[in-house]
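Got chain F; can you put chain U on it based on the hints?
These protein sequence lines are chains F and U, in that order.
If you count by this note's numbering, then the first sequence holds residues 13 to 275, one letter each, in order.
If you count by this note's numbering, then the second sequence holds residues 96 to 404, one letter each, in order.
Calculated directly from the structure, the hints in this document are not laboratory data.
Do not take every clue at face value.
Keeping only pairs whose Cα atoms sit at most 25 Å apart, straight-line, the calculated PhoX-like set for lysine-lysine is [unchecked claim]: (1) 111(F) to 240(U); (2) 229(U) to 41(F); (3) 350(U) to 111(F); (4) 212(U) to 41(F).
Computed spacing ranges between beta-carbons, pair by pair [what the hints assert, rightly or not]: (5) 41(F) to 283(U): 13 to 23 Å; (6) 237(U) to 36(F): 45 to 55 Å; (7) 48(F) to 158(U): 50 to 60 Å; (8) 125(U) to 275(F): 25 to 35 Å; (9) 192(F) to 125(U): 46 to 56 Å; (10) 151(U) to 184(F): 12 to 22 Å.
Computed from the model, here is a short list of chain F residues facing chain U with C-beta under 10 Å [claimed, not checked]: (11) 42; (12) 104; (13) 115; (14) 214; (15) 218.
Note that the structure is a prediction, hence the values are computed from the model and not measured.
Backbone N, C-alpha and C define an ideal beta-carbon position, used for all residues, glycine too.
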Amino acid sequence: MSGSDRKMYPPLWRRLYSVWFRHMRVYTKNMASNGLPPFLEPLIFLAGVGLGLGNYITEDVEGLKYIEFLGMGLLVTTAMFTSAFECSFGTFIRLEFHKVYDGMLAAPVTAENLIVGEMLWAASKGFFFSLSVLIMLSLFKIVSFGDAYLAPFVGFLTALMFASLSLLITSFVKTINHFNFYFTGFISPMFFFSGVVFPISKLPAKLQPFAEAVPLTHSVRLVRAVCTGNYRWALGLDLLYIVVFIAVVGFLAVHRLKKRLVY
Amino acid sequence: MTENVITVNNISKSYGQVRAVNSLSFEVAAGTCFSCLGPNGAGKTTTMKMVYGKCVRDADCDGTLDVLGYDPRTNELDIKCRSGVVTQDNNLDEELNVIQNLMLYSRFYDIPKKEAKKRIAYLLDFLELPEKSKSKIRELSGGMKRRLVIARALINNPQLLILDEPTTGLDPQVRHLIWEKLLQLKEEGTTILLTTHYMEEAFRLSDTVLIMHLGKKIMQGSPLELLDDNIEKYVLEINRPEFFDKIKENQIVSKVRVNNTNQFTRLFSDKVETLQAISQLLKGGEYQLRQANLEDVFLKATGDILNVR
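Chain U extracted, bound-state conformation:
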């Protein structure tokens, strides 16, 4: 099935003078996971919000937006009843316990009580929270709250699941658990749209990664394509600029791409032997030699220094 669940075509969004999203286009195929990456302020969250109808795209942009066959500007309810959203903040009702929180949301979708109870039991089990069903929200850890918000977003068995930084601030165990569950949902046919700052998350989950910067698309492709097309295979990371200064006159260094920042120097090459030869010039502990990863692509694409907007 190659049908698109989301088609974004040349849309923009401005807040006053600031253009948060600038002529963005992308497509999300059914049953795939699509990740938006980008520095803070790149426009990721705004993009998500336009998809689920929390933000309205600029009226003067001639772009189009199609989500599950509907335009969020005119048919937000049709989209909302078929999708689930995990926002950046956990906005659970603190006054209610776990099961009450979920029951409350089942009403918004008009799910009959009996069916809702079954669905909730299933979801608590799915997200490994069954023994917490009567717990108060404040008794839950950050990871449990996050899983509960995900369970809430799944209450209507959505075709499209939108997650804005689902694992930010969580421990590795919970993060891996959430990844496993999201992959399982994807296998079951749920289309996933997510934003993240974790390259590993994007790499593991996504079929397609979009890197945004200052409201614009910088690059897009499968994680492996992005690696192949945009970065050398290996990186020699030199921990301090002084260490690099000792060897930078060496002729062999001219054979590799050098990326200098204030903190450290990275040498890139497709030939691991070249980097190994350079590393011989350094002491152990002054460098790491490793395979290039999505983070290297990301930093190359969006710049190494903080972008003050």
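Same shape as in the complex, but just chain F:
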């Protein structure tokens, strides 16, 4: 038979890349249906606000026009949503219905490689979705691309947080319908109460600590700072929150989900 005998398995980075590449390959296979929505969604949102809702909000919000305030928030919520869906419904379908992982795990890839590769893919998707929003925002002169070019990196970190969290949730989920609790109970409220739609300083004082506890709040603060160039030392705490969240929740997710892949 042809072909040389393979004595060595690929190095770690290569194994992670293979997993990442698999997801990218399958995702980009339907570029029209997968690639357009990230550009269209912010467009619809901005049209709704610009044409309608915006007329009622004439006050500045934290020194920004409302459409600017909201638009900057969308840079990270889009990363949150794409990553949360990818690593909940997406992961569950690959795991339980399509049995994709059974095939991948027969190749020289460990369960840990597979899970981390999945997180990196979700984070890359977050980067891409953030970038698409940024492109639309800059086309409509809501933010300038030159000022806000770091925003997709915040999108990357945001997506990484939600990838870790969603994979951890997935490790507990027995039927796919359980994700409804996660989305209605956690993700959707976060969209409204993490300073995306209105500043958390407007929340009742008793609720503000809750807003500080959830991940999206820190992404939103960081991305607005990046867009406005308003860097301050306190942002270090937000960045620290994000890094610690990814490390701790990511570790738990790998640990727990591994037991569903190799048992």
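Chain U alone, transformed into the frame defined by chain F:
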């Protein structure tokens, strides 16, 4: 060459209270085909999974497992890059076409693109799928999908090929084609480990057959050894219990071994003349007289009735 590719020594695997595999031991010699047979739930798939690292054997069992010189618990990657696995389900990427599916997997093994293309062309040809290289997965028949999964498992030119029920649900033509290809691989030196429910498959392909039941080894040997050691040479199968009732008082019947189930009765003997004499007492169409086969051994070993676990 008598070197062992797989050495399983006294390993167990439990899922909660259920012991799926119980103190199992066997060896697979290089370049041979080893089949695991057993009723559903016997522990065949779990055994396969322990070999290729999808399942981890119980930590508290003191057994050892050696695959290609490595322990799957500590060196799964060393084993994986030298073996190929065909799982029970066809888990192909539906979004991609045939060649893309294979190219994707070549990356997992870090095979250079040019070499991968050559290898894929060879494999599609080998499994008689060359005109399908651009087809979408959903356009393939069940038999083609199965062959594609086998091609995928061969992409790294594995020393060990593991197949979990490779031909279940396929038509006889495809089944024979797959058998032919597996025999060819074996001749080329690939070691094959497989599970099956088809006795004919086990008989044709295997050098060694292991029959498992409720997680334990019941018997092991070459197909012919199993036949010689465990079952009489001939069987008279009587189609309905009533037909047997008519003749069961006859003295000649006491000379043969009788196996009664709800559906039919089987009389076993090494002397075909005895069974022929008994068959004279019956009408044509009420019986078949035939040579005993592996299925008879299997049913004898694992019981005739369904095992509810």
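Legend entry - Which numbered hints fail: 3, 5, 6, 12, 14 and 15
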